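Respectively, the protein sequence lines represent chains A and B.
In terms of our numbering, the first sequence opens at residue 1 and continues consecutively.
In terms of our numbering, the second sequence opens at residue 1 and continues consecutively.
Quick caveat, the hints were computed from the structure, so don't treat them as lab data.
Mixed in with the good hints there might be a few duds.
In this list, chains with the same sequence are indistinguishable; a pair is considered to hold if it fits within one copy or across any two.
List time: in silico DSS-like cross-link candidates among lysine-lysine, alpha-carbon distance up to 30 Å [as the list claims (entries may be wrong)]: (1) Lys4 to Lys80; (2) Lys318 to Lys229; (3) Lys226 to Lys318; (4) Lys41 to Lys336; (5) Lys88 to Lys47; (6) Lys80 to Lys226; (7) Lys216 to Lys98; (8) Lys88 to Lys338; (9) Lys226 to Lys216; (10) Lys53 to Lys229; (11) Lys88 to Lys216; (12) Lys216 to Lys80; (13) Lys116 to Lys338; (14) Lys229 to Lys98.
None of the values given here were measured: they were computed from a predicted structure.
If you want the building blocks of each chain, they are given just below.
There are 2 protein chains.
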Amino acid sequence: MLRKTRLFTPGPTPILPAAQTAMASFGMHHRTAEFRALFSKFLADLKVFVGTKNDVMVLASSGTGAMEAAVSNLTSSGDKVIVVTAGKFGERWTGLAKAYGCSIDVIDAPYGKTVKPEAVSARVKADTRVVYMQATESSTGARHDVQGIAKAVREKSPNTLLVVDAITGLGTTTFDVDGWGIDMLIGGSQKAVMIPPGLAYVSVSERAWQAMESAKSPRYYFDLRKERKSAANGESAFTPATSLIAAFAAALDYIASQAGGNLAAGREALIANAEMAAAMTRAAATALGLELFAAESPASALTAIVAPKEVDSGVLVKALREKFGAIVANGQGEMKGKMIRIAHLGYYDYLDTIAIIGALEQVLAGIAIPKHSEFGVGLKAAQVVYARGRA
Amino acid sequence: MLRKTRLFTPGPTPILPAAQTAMASFGMHHRTAEFRALFSKFLADLKVFVGTKNDVMVLASSGTGAMEAAVSNLTSSGDKVIVVTAGKFGERWTGLAKAYGCSIDVIDAPYGKTVKPEAVSARVKADTRVVYMQATESSTGARHDVQGIAKAVREKSPNTLLVVDAITGLGTTTFDVDGWGIDMLIGGSQKAVMIPPGLAYVSVSERAWQAMESAKSPRYYFDLRKERKSAANGESAFTPATSLIAAFAAALDYIASQAGGNLAAGREALIANAEMAAAMTRAAATALGLELFAAESPASALTAIVAPKEVDSGVLVKALREKFGAIVANGQGEMKGKMIRIAHLGYYDYLDTIAIIGALEQVLAGIAIPKHSEFGVGLKAAQVVYARGRA
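Next up, chain A with everything else stripped away, as it sits in the complex (with noise of 0.2 Å):
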C-alpha cells in the first residue's frame, strides 16, 4: 500500500495547514503598524491559551533558548536552585543552571517515575532562589505533580521563584498559573500548538520580573525585559521569526474555531482531545499485553510503551517506518531501545489514533511474539475507551 509519511514523535508533531499556508503566504515587515497589529493580538491571545494574566513573551529559538532564559534572567552566580528531575530534560535543567554556576540540590525521580511534593518540601528553603522543572517529561512518557509541588514550594518559602518547563505540557494538561503561583511556564511552538520549531514562548510572573532586577547571570538576546519593553509597543526586542508567528497565530485561531471561537475553551478541547488519545492508546497498549513505562502518572502529551523483552525497540520504530509511514521516536539516551514513544499533543484525531494502533498491531504481529501477536485486541479496547466518551 501507500505510505504517507505521519509523524508521531512528541514534538515536532503534524503541522495545521492553516499553519502552513500562513507561513508560506507572509510576508510582513516586523516594524510596521500592520504587524505590531497582529502581534500585539497574538500576544493577548498567547496570554489566554497559557491561561494566564501574566505577562507572555515569545522568543526566536527553541524551547532550550527559554529554559536558558529562565535561568540567566532569575540568577547570579553561586544562587541556590533546586532542579526536580526524572528524565532527560529534567537533566537539561542541572546542565542550565551549572552553565550559569548555580549551586544545585537534585532532587531526582527513576526515570518513568516522578518526584513527590513531599520531597520538594523536605529541601526548599528560604534561600532556595528558584525550583526548575518539567510539567511532563517528554522521555519517559510521565506527568509530573505541578500543582502539587508549587503548592509545597509556596509553603515553605513564597518568595521562591518556581519555573515549569511545559513544552510539552501546554495544551496537553490544565494549568492555573496564577492560582498556583508558577512564576514561569514555558512553551515550544513545535508541539501542543501545530506549527514548525523555531518559537519559544514564557509567561512571566511580577515575582519574576522583580526577581530579573537583582539577577547578575549575563544576558542580552534573552533578556526578557527588553522583551517586556518591547511587546508594549506590540514589537519584540529583536528580529522575530515572523513566519512563524503567523503560523502561531492562525493556530490560535484554529484552537478558538474548535470551541466556538473561545480560545480557553479551545485550549480545553485540545487537552481533552489529547487525554482521549493517550487513554486509547494506554489502553491499546495494555491489550496488546505491553507495560507502559510511565504507569504511574502517565502524560497524555505522549505514550512511552515499553517494547516486549525479545525485542529492541528500534526494530518496531522501524516497521513503523519502513511499512507504514508512520514516525514515532524511540527511547533517548539510555532508554534507547526499551520503548517506543508515541505522541498525542496537537493536531491528532480519532483516525489518527486508531491508525497509529492499527499499524503497532500489524508490526507486532510480524514479530510473532504469541501474547502480543492478536489482531485486534488494541483496536477493540482503544474503541471501548472511545465510546465510553471519556478518557
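Dock chain B against the given chain A, drawing on the hints supplied.
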C-alpha cells in the same frame, strides 16, 4: 492602480517562492536519517556560500543570537575587546560586550562614515582578545573595510580574534574568510538568502574553536562547541527550526542554479546583482539631486538616501507605502526622519529596481520641491548604469 505590497527593507527581504513552497510542505522530524542527510548537505553548501573551509554553525535565533554567541563563546568577564562602530548595529556589539563584562575599547566613526584600518591598527594590542565589527552597517548604508581591518589586526596581534557581523554583508560583498583570517563571520536568514527571519549562521575558525576552551562566560543554548559536536553527526544540538532550514536549503539551490549549479559562482552572481541594483539606485538618487548618506563607502546591501531638507523622510516612507505598496525603511534612532533606506540584498531584479526608482520619482514629484521633481531623471540615470553593464 492596484498596490502589491513589496518589501524594499534591508531585512526582512522578499521571500523566494521556492523557499515558501519548501517551508510550507516540510514536516520532517529532525532526528531521522532523512533529516541528517539534508542537514549535512545544507551545512556543506553553506560553507561554500560563506566561502570558507571553516565550520559553519546554524542557530535557531535571529542574527543577534549569533552575535551573542560570538561574545559568550570567546570571552571571559574582564577580557579586553575592541568594538569598531559607526552605526546602530556597531552599538549592539558594545551592548553585548558590556552584558558579558568585557573591558571595551570603542573605536567609532560618525554615522555614515567608516572606521579606517589605521585607527584599528593604532589600538589593537597583544592582549586584545577580540575585535568586533560590521561588514556593512545597515543603519547607515556604509560598507566597512573588512579586508583592511583584518590586515591591521593580523599584523598587530596574530592571536587577536576578528569577528565580523556580516548579517547584511553576506551575499552583497565578497569575503576571503580564510585568507583574511576572519575568525567568525555572522549571517542571518532574512537577508540576502531570501527566507524569513529565524535562523542565524556563523563560520568559526580553528583559532576561535581553541579560544572557546579558555573562555569562561556562561553559555548553553548558544554554546557553539555543542553545535559542532552535533553537526558532525548531521544534527543540531537543540531542536532546529526545520521549516526555515528547508527554506534555506531551497534558497541555496536557487542561488547555485543562477550559475549552472555552481554555488560559489552563484554567490558572486548574487553579489553582482546587489551591486548593480545599488549602483542604479545611487545614480538615480544623485541625478534627482538627493544626497547619499554613506557616499564615501556605500554598501551594495542597501542605499541610504538623505531626504530633502524640506521634508521628514517619514513622509516619503509613508507615501511609498500608501500610494504604491512599497515598504522602504526610515532611519533608525536619531537618524529617523532624515533618510530612507532601500534594500538590494537578495531577491531583487532589474524590474524591481526600476520600479522602486519610478515610485520614488512619483513621491518626490508629489512633494513638489522643484529640484527633485523632474520625471525620468532618476530613471534615465539608472538605465545608463544598467546599459553600461557593470556596477
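Status of the hints after comparison with the structure:
1. Lys4 to Lys80: This pair counts as neither: shortest intra-copy Cα distance 50 Å, inter-copy 56 Å.
2. Lys318 to Lys229: between (48 Å within a copy, 25 Å between copies)
3. Lys226 to Lys318: between (45 Å within a copy, 28 Å between copies)
4. Lys41 to Lys336: between (42 Å within a copy, 27 Å between copies)
5. Lys88 to Lys47: For Lys88 and Lys47, the Cα distance is within 30 Å only inside one copy (28 Å; across copies 32 Å).
6. Lys80 to Lys226: Both: 25 Å inside a copy, 26 Å across copies.
7. Lys216 to Lys98: both (15 Å within a copy, 13 Å between copies)
8. Lys88 to Lys338: Close inside one copy (15 Å), not across copies (53 Å); limit 30 Å.
9. Lys226 to Lys216: Both: 15 Å inside a copy, 24 Å across copies.
10. Lys53 to Lys229: Classified as within: same-chain Cα gap 17 Å, cross-chain 41 Å, threshold 30 Å.
11. Lys88 to Lys216: both (28 Å within a copy, 25 Å between copies)
12. Lys216 to Lys80: Both. Shortest intra-copy (14 Å) and inter-copy (20 Å) distances satisfy the 30 Å Cα cut-off.
13. Lys116 to Lys338: within (25 Å within a copy, 62 Å between copies)
14. Lys229 to Lys98: Classified as both: same-chain Cα gap 29 Å, cross-chain 20 Å, threshold 30 Å.
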